[in-house]
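With these hints in hand, go ahead and build the complete structure from the sequences.
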Amino acid sequence: MTDAGADSGWFELVPPDDLGAARKVIENGSAETPKDWPTKAVKAGFAEDKEEYYDRLHEAATYATREVVKERERADDQQLKHSIRAMDDAERVANELAERAVEWAGSLFDDVDSGVEGARAVAARDPESEAERRAVSLAARAADLDDERAELAETIGRIAPAVAPNLAEMAGPELAARLIAVAGGLEPLAKKPSGTVQVLGAEDALFAHLSGRAPSPKHGIIYTHEFVRGTRPEDRGSAARALAGKLALAARADHYAGERRAQLHDDLRERMATIRARTDDDESDTTGADDE
Amino acid sequence: MSESALPNGVERREIDGERRLATRGEPVYGEPTADGWRAWDPERSKLGGMLELGFETGLSGGETVLYLGAASGTTVSHVADFAGPTYAVEFAPRPARDLLGAAEIRDRLFPLLKDARKPETYAHVVESNVDAIVQDVATRGQAEVAVRNARFLADDGRLLLAIKARSEDVTADPETVFEGALDRLREAYEILETRRLDRFHEDHLGVVATPR
Chain A
430 MTDAGADSGW FELVPPDDLG AARKVIENGS AETPKDWPTK AVKAGFAEDK
480 EEYYDRLHEA ATYATREVVK ERERADDQQL KHSIRAMDDA ERVANELAER
530 AVEWAGSLFD DVDSGVEGAR AVAARDPESE AERRAVSLAA RAADLDDERA
580 ELAETIGRIA PAVAPNLAEM AGPELAARLI AVAGGLEPLA KKPSGTVQVL
630 GAEDALFAHL SGRAPSPKHG IIYTHEFVRG TRPEDRGSAA RALAGKLALA
680 ARADHYAGER RAQLHDDLRE RMATIRARTD DDESDTTGAD DE
Chain B
316 MSESALPNGV ERREIDGERR LATRGEPVYG EPTADGWRAW DPERSKLGGM
366 LELGFETGLS GGETVLYLGA ASGTTVSHVA DFAGPTYAVE FAPRPARDLL
416 GAAEIRDRLF PLLKDARKPE TYAHVVESNV DAIVQDVATR GQAEVAVRNA
466 RFLADDGRLL LAIKARSEDV TADPETVFEG ALDRLREAYE ILETRRLDRF
516 HEDHLGVVAT PR
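Line by line, the protein sequences are chains A and B. The opening position of the first sequence corresponds to residue 430 in our numbering, with each subsequent residue numbered one higher. The opening position of the second sequence corresponds to residue 316 in our numbering, with each subsequent residue numbered one higher.
By construction, these hints were calculated from the structure, which means they are not laboratory data. All values derive from a computational prediction rather than experimental measurement. Even glycine gets a Cβ: it sits at the ideal position worked out from N, Cα and C. One thing to keep in mind: the hints can contain errors.
Stated by the list, open to error - Below, simulated DSS-like cross-link-like pairs (lysine-lysine); rule was C-alpha separation at most 27 Å, straight line: (1) A/K472 <-> A/K453; (2) A/K647 <-> A/K510; (3) A/K621 <-> A/K499; (4) A/K499 <-> A/K620; (5) A/K453 <-> B/K433; (6) A/K510 <-> A/K499; (7) A/K464 <-> B/K433; (8) A/K453 <-> A/K464; (9) A/K647 <-> B/K433; (10) A/K647 <-> A/K620; (11) A/K510 <-> B/K433; (12) A/K469 <-> B/K433; (13) A/K453 <-> A/K499; (14) A/K469 <-> A/K479; (15) A/K453 <-> A/K479.
Claimed, not checked - Output of the computed footprint for chain B on chain A, the stretches with three or more beta carbons under 8 Å from beta carbons of chain B: (16) 459-469; (17) 475-488; (18) 674-687.
Okay, here's the thing in structure tokens:
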């Protein structure tokens with residue numbers, strides 16, 4: 430039904446009162462060029478006149494959008510969770526397999542580089558013996574897995590901004606997906622206090638701390654964010670706390686409102702500038718003789 | 316302030332002791348109302364800002380409109396109040412839920428959960444020769460989105476576009492970003508008017524254009 434000719438209107442092949450069918454076509458159909466659909470629909474007998482056509486379109490578009498929204502909202506954060514976990518698995522296995530393949534290939538060929546790139550080069554070779562065939566084939570699997578990892582990253586880059594626009598903008602799609610995955614979904618993440626968001630993914634260290642064996646962890650997976658990693662160690666606690674605070678607010682805005690909040694992003698930039706300015710202050714105090 | 320060029324159905328009304336832009340319709344997002352007129356806040360709406368600043372939008376009321384980046388429906392609900400059939404494209408499910416609320420009580424507002432970068436996914440629903448495209452999408456490649464959607468616009472139609480510098484490149488100088496976007500736009504459009512919207516929206520450029 431959805432491929433009822435590449436350039437037909439949504440109403441063609443949809444009985445006027447069949448909202449389910451209309452929804453499928455509105456959601457999945459396509460056309461390269463728009464046409465004068467209201468006139469065509471009247472001519473085709475889908476509606477008596479344009480007003481009736483618009484009434485039917487209103488009913489169908491509202492129904493289709495409501496149904497798709499319901500489904501997407503239910504599903505997309507879970508898809509993100511699976512995607513990020515699959516990406517991590519693909520990356521880990523690709524690296525392991527590549528190491529094995531290049532180690533093997535190194536015993537058969539000259540000039541074999543290490544890692545996935547090395548495996549890619551091996552995969553392009555023409556094997557001549559049974560052993561070479563196996564080593565080249567193994568290298569090809571590693572390269573394929575690495576391609577899969579790249580495609581998963583692309584998928585995450587597409588889904589994350591739709592599921593959580595503020596979180597994805599602030600954390601980048603990958604870290605946003607990781608936070609959602611560790612929390613178990615966008616809603617559970619939105620309900621976590623910022624102190625929890627700060628140490629998500631550092632549960633081992635946190636429990637060691639709670640049982641009195643270690644200092645409190647400064648950060649969990651948010652460590653990969655440039656605002657934390659790029660801040661000097663003395664200020665990383667402050668940076669992680671500030672970032673986690675805004676990430677928690679971003680997750681709440683995404684779950685409860687779903688709209689981009691410019692203020693959140695401006696506030697974080699300002700706070701980070703303040704924290705990093707300490708570095709400059711200290712440096713000009715202690716190393717006053719240095720040039721900038 | 317220019318009193319020129321307000322479309323029919325958009326008026327300056329006394330609401331809460333202030334003269335404000337307003338349209339007639341059911342309230343959508345808790346905006347103040349008076350005598351059936353809803354205040355249209357230029358600080359919450361790029362198009363509202365453009366009207367408040369006296370842009371020659373070419374809108375006269377009653378036209379067919381394609382609105383890209385409808386979000387929760389704040390602006391598009393006002394558009395549907397004074398325009399004719401209005402197609403509202405929004406990509407993100409959560410704001411689309413609120414957009415549905417505005418669309419359910421407006422029988423010529425058609426909500427579509429679609430990606431404005433892929434017009435072929437809604438060209439089987441949105442009609443050709445619309446009188447105006449209003450665009451407010453916060454993604455990179457805003458000019459590209461306008462160019463791809465030019466296929467919907469009538470030859471004498473108007474593109475009313477708000478370009479947000481930060482969506483293209485947070486670090487670049489807004490003027491540079493705007494120049495690059497306008498260059499891309501000129502491949503499909505003739506630019507009629509541009510002005511900064513800073514009084515209401517920081518680092519935004521308002522653009523009125525017509526197909527080449």
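A quick look at each hint next to the structure:
no.: 1; hint: A/K472 <-> A/K453; in the structure: 23 Å, holds
no.: 2; hint: A/K647 <-> A/K510; in the structure: 24 Å, holds
no.: 3; hint: A/K621 <-> A/K499; in the structure: 24 Å, holds
no.: 4; hint: A/K499 <-> A/K620; in the structure: 21 Å, holds
no.: 5; hint: A/K453 <-> B/K433; in the structure: 18 Å, holds
no.: 6; hint: A/K510 <-> A/K499; in the structure: 18 Å, holds
no.: 7; hint: A/K464 <-> B/K433; in the structure: 17 Å, holds
no.: 8; hint: A/K453 <-> A/K464; in the structure: 20 Å, holds
no.: 9; hint: A/K647 <-> B/K433; in the structure: 43 Å, violated
no.: 10; hint: A/K647 <-> A/K620; in the structure: 20 Å, holds
no.: 11; hint: A/K510 <-> B/K433; in the structure: 26 Å, holds
no.: 12; hint: A/K469 <-> B/K433; in the structure: 23 Å, holds
no.: 13; hint: A/K453 <-> A/K499; in the structure: 14 Å, holds
no.: 14; hint: A/K469 <-> A/K479; in the structure: 10 Å, holds
no.: 15; hint: A/K453 <-> A/K479; in the structure: 22 Å, holds
no.: 16; hint: 459-469; in the structure: holds (count 9)
no.: 17; hint: 475-488; in the structure: holds (count 4)
no.: 18; hint: 674-687; in the structure: holds (count 4)
This entry does not satisfy hint 9, going by the numbered hints stated previously; all others are met.
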